[in-house]
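Chemist: Assemble chain P onto chain X, guided by the hints.
There are 2 protein chains.
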Amino acid sequence: MFKLVRTDKKTRARVGRFTTPHGKVNTPCFMPVGTQATVKTLSVEDIKNCGAGMILSNAYHLYLRPGVELIKKAGGLHKFMGWDKTILTDSGGFQIFSLTSLVKVRDEGVEFSSHIDGSKHFLSPEDVVRIQRDMLGSDISMVLDECVKYPSTRDRAESAMKITLDWAKRSKKEFGAKNPEGKLLFGIVQGSSFLDLREECAKRLVDMGFAGYAIGGVSVGEPDELIRETIEATAQMLPKNKVRYVMGVGTPIDIINAVAAGCDMFDCVMPTRNGRNGTAFTKEGKLPLRNARYKEDFRPPEGGCECYTCKNHTRAYLRHLINVNEILGLRLVSLHNIHFYVNLMAAIREAILVKDFERFKREFINHYGGEL
Amino acid sequence: MFKLVRTDKKTRARVGRFTTPHGKVNTPCFMPVGTQATVKTLSVEDIKNCGAGMILSNAYHLYLRPGVELIKKAGGLHKFMGWDKTILTDSGGFQIFSLTSLVKVRDEGVEFSSHIDGSKHFLSPEDVVRIQRDMLGSDISMVLDECVKYPSTRDRAESAMKITLDWAKRSKKEFGAKNPEGKLLFGIVQGSSFLDLREECAKRLVDMGFAGYAIGGVSVGEPDELIRETIEATAQMLPKNKVRYVMGVGTPIDIINAVAAGCDMFDCVMPTRNGRNGTAFTKEGKLPLRNARYKEDFRPPEGGCECYTCKNHTRAYLRHLINVNEILGLRLVSLHNIHFYVNLMAAIREAILVKDFERFKREFINHYGGEL
Numbered sequence: 000m001f002k003l004v005r006t007d008k009k010t011r012a013r014v015g016r017f018t019t020p021h022g023k024v025n026t027p028c029f030m031p032v033g034t035q036a037t038v039k040t041l042s043v044e045d046i047k048n049c050g051a052g053m054i055l056s057n058a059y060h061l062y063l064r065p066g067v068e069l070i071k072k073a074g075g076l077h078k079f080m081g082w083d084k085t086i087l088t089d090s091g092g093f094q095i096f097s098l099t100s101l102v103k104v105r106d107e108g109v110e111f112s113s114h115i116d117g118s119k120h121f122l123s124p125e126d127v128v129r130i131q132r133d134m135l136g137s138d139i140s141m142v143l144d145e146c147v148k149y150p151s152t153r154d155r156a157e158s159a160m161k162i163t164l165d166w167a168k169r170s171k172k173e174f175g176a177k178n179p180e181g182k183l184l185f186g187i188v189q190g191s192s193f194l195d196l197r198e199e200c201a202k203r204l205v206d207m208g209f210a211g212y213a214i215g216g217v218s219v220g221e222p223d224e225l226i227r228e229t230i231e232a233t234a235q236m237l238p239k240n241k242v243r244y245v246m247g248v249g250t251p252i253d254i255i256n257a258v259a260a261g262c263d264m265f266d267c268v269m270p271t272r273n274g275r276n277g278t279a280f281t282k283e284g285k286l287p288l289r290n291a292r293y294k295e296d297f298r299p300p301e302g303g304c305e306c307y308t309c310k311n312h313t314r315a316y317l318r319h320l321i322n323v324n325e326i327l328g329l330r331l332v333s334l335h336n337i338h339f340y341v342n343l344m345a346a347i348r349e350a351i352l353v354k355d356f357e358r359f360k361r362e363f364i365n366h367y368g369g370e371l
Numbered sequence: 000m001f002k003l004v005r006t007d008k009k010t011r012a013r014v015g016r017f018t019t020p021h022g023k024v025n026t027p028c029f030m031p032v033g034t035q036a037t038v039k040t041l042s043v044e045d046i047k048n049c050g051a052g053m054i055l056s057n058a059y060h061l062y063l064r065p066g067v068e069l070i071k072k073a074g075g076l077h078k079f080m081g082w083d084k085t086i087l088t089d090s091g092g093f094q095i096f097s098l099t100s101l102v103k104v105r106d107e108g109v110e111f112s113s114h115i116d117g118s119k120h121f122l123s124p125e126d127v128v129r130i131q132r133d134m135l136g137s138d139i140s141m142v143l144d145e146c147v148k149y150p151s152t153r154d155r156a157e158s159a160m161k162i163t164l165d166w167a168k169r170s171k172k173e174f175g176a177k178n179p180e181g182k183l184l185f186g187i188v189q190g191s192s193f194l195d196l197r198e199e200c201a202k203r204l205v206d207m208g209f210a211g212y213a214i215g216g217v218s219v220g221e222p223d224e225l226i227r228e229t230i231e232a233t234a235q236m237l238p239k240n241k242v243r244y245v246m247g248v249g250t251p252i253d254i255i256n257a258v259a260a261g262c263d264m265f266d267c268v269m270p271t272r273n274g275r276n277g278t279a280f281t282k283e284g285k286l287p288l289r290n291a292r293y294k295e296d297f298r299p300p301e302g303g304c305e306c307y308t309c310k311n312h313t314r315a316y317l318r319h320l321i322n323v324n325e326i327l328g329l330r331l332v333s334l335h336n337i338h339f340y341v342n343l344m345a346a347i348r349e350a351i352l353v354k355d356f357e358r359f360k361r362e363f364i365n366h367y368g369g370e371l
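In order, the protein sequences belong to chains X and P.
The first sequence: position 253 = 252 (numbering that gives the first Met the number 0), numbered continuously.
The second sequence: position 46 = 45 (numbering that gives the first Met the number 0), numbered continuously.
In isolation and in its complexed conformation, chain X is listed as follows:
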């Protein structure tokens, strides 16, 4: 299903596209995160106006609240939240292992206590496929995986990788060979920072055959350099004719480096989380709008930006809104940040297509400082 349009000669960056039941996706692409059936502070109209063609949501969170039966009754997640483009849902593996307590991994699946009310739950990999594909109606489902934090012992990483493989096999079987509706299932490569474990995991997932492959368990506490090395090495373990999705990554620089390593899809809470902290992303770096230096700065957050916020408002106004705790401030900065990320991906695709990606990457990184 993944069609390579162009591969960069000097790097491993590539432009591709694929189709889901809710439309075409051009890669490299960024998915705004809509954990609880909303990209925080933004309406679906806002997200579309930013140019986003797909979003990520989360099976674990929706399973707990409002419940997947309710969403099924609503006609699926697309109808429930009013989003008619592609939705990828994370399986909840990451959330179960990072948010919940009393987690017990058994062969059959995982038992955990809700991070909200402590209630006990059990989910098998088969349950998680059914929840995503059949109840939420996700265009792209992710297999249930076990994600370990960094640092992890080799034994711990190996056992998590092995159970992830076992669950992947069962997920694939549950998902079935044919999907008449064109829905997709992605496998997830685990293995922590042990590249031989990742190699084994990747190889066996590829043998099973998934529509796409995710690189999971990165950006879970390890140093920046190790994030980058793990992504670069793992990307090369994956087939060229399948889409590669780096989960939960990252800064604009992380993403550009991962694109150069041959990765295609990204999701991250950074644009919305920073938005709610009042920090705007710009090509020159992050703009902490609470800062007193923006008090009388009547320029838009980012000159030349075509987003609603930059076309209508100034840094001084946003700073005021944030300082007096007005929700509109969080929303306007989140909107700009999602626009920034989505349009960064469009610029990356364009640079690859015009054979100029290496220069684009170099110039972007040189330009992009830390906090302004």
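I should point out that these hints are in silico values taken from the structure, not numbers from a laboratory.
Remember, predicted model here, so these are calculated numbers, not experimental data.
Just so you know, nobody snuck in bad clues.
Identical copies look the same in the list; a pair holds intra-copy or inter-copy alike.
Within a straight-line C-alpha distance of at most 20 Å, the following computed SDA-like cross-link-like pairs (lysine to any residue) qualify:
| hint | residue 1 | residue 2 |
| --- | --- | --- |
| 1 | Lys8 | Val353 |
| 2 | Lys78 | Lys310 |
| 3 | Lys182 | Asp126 |
| 4 | Lys202 | Asn240 |
| 5 | Lys47 | Tyr307 |
Modeler: Just chain P now, with coordinates in the frame of chain X:
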């Protein structure tokens, strides 16, 4: 400046219009409240999409944060917040007497401590005119007034009314007889629930001659029936050829009754405050969307409503958003509520124009229950 278009034969309801430097205003009308240079949770585009032609903001709050010098540097409040239609600013009298501590009323003006940081401030009525007209650039400025809570002794109400009159006279002088830009200054009738005090206040304000007259000091703790009686009686003390503005009122029923008594302009935090509590206004009454009964209710908040929220979302989705503390929920309900209030006023104007207001009023009140 106020032109009466039609007066209802059976009630005192009337349709009128007037012009400010930022456009025409059709009355009866409702002003969404944008205390801190934003109508809470909504963008200026949202407010326009609701059909609002004017908003209210607040000199006291803006004077403290971000400061009126900053707003003047930004080119005035319209430019600062990106709103290009009419703005009325309250003088801050109500806020100074209700929010601040250590208030000292002197002949020259009022001394108070900021409700934010306790810092001491002094404002004269002349300062307050300059702040609104010259620094914020308000289309309609309100005179500084002293507002007493209910219940109040007659002496207390009388002394507040007298100082309000004195300040009104000085405000009028500061504002000047001519306003080449077409900006307007409104007087405020005080007097608590003592109708003879209100009569004296109204008469003397009318002698001074203002572009419009506000009924202040209602809905400050008194029973519903007294609110209604005070508004009805005070409206009759005011000239027919001037606009009458009831400050801080009220429920849809309060507004319809005040229109029937001959009032023209309203502002109230109810639509946005209820929105942030997850309660939607409908013609049948208030819809507390947190309520479990809406869990699987896949209808829009209000059938037939043309607002963005009702055209795109269900009660079940809004309930979910509110229950998981997602900001989008507060925003979508606020948006519907502002649309409801603004369109209620449009329906009222239409009913008066087609000589059907009395029936409209009766049917609206019969239909509108309490909480659904």
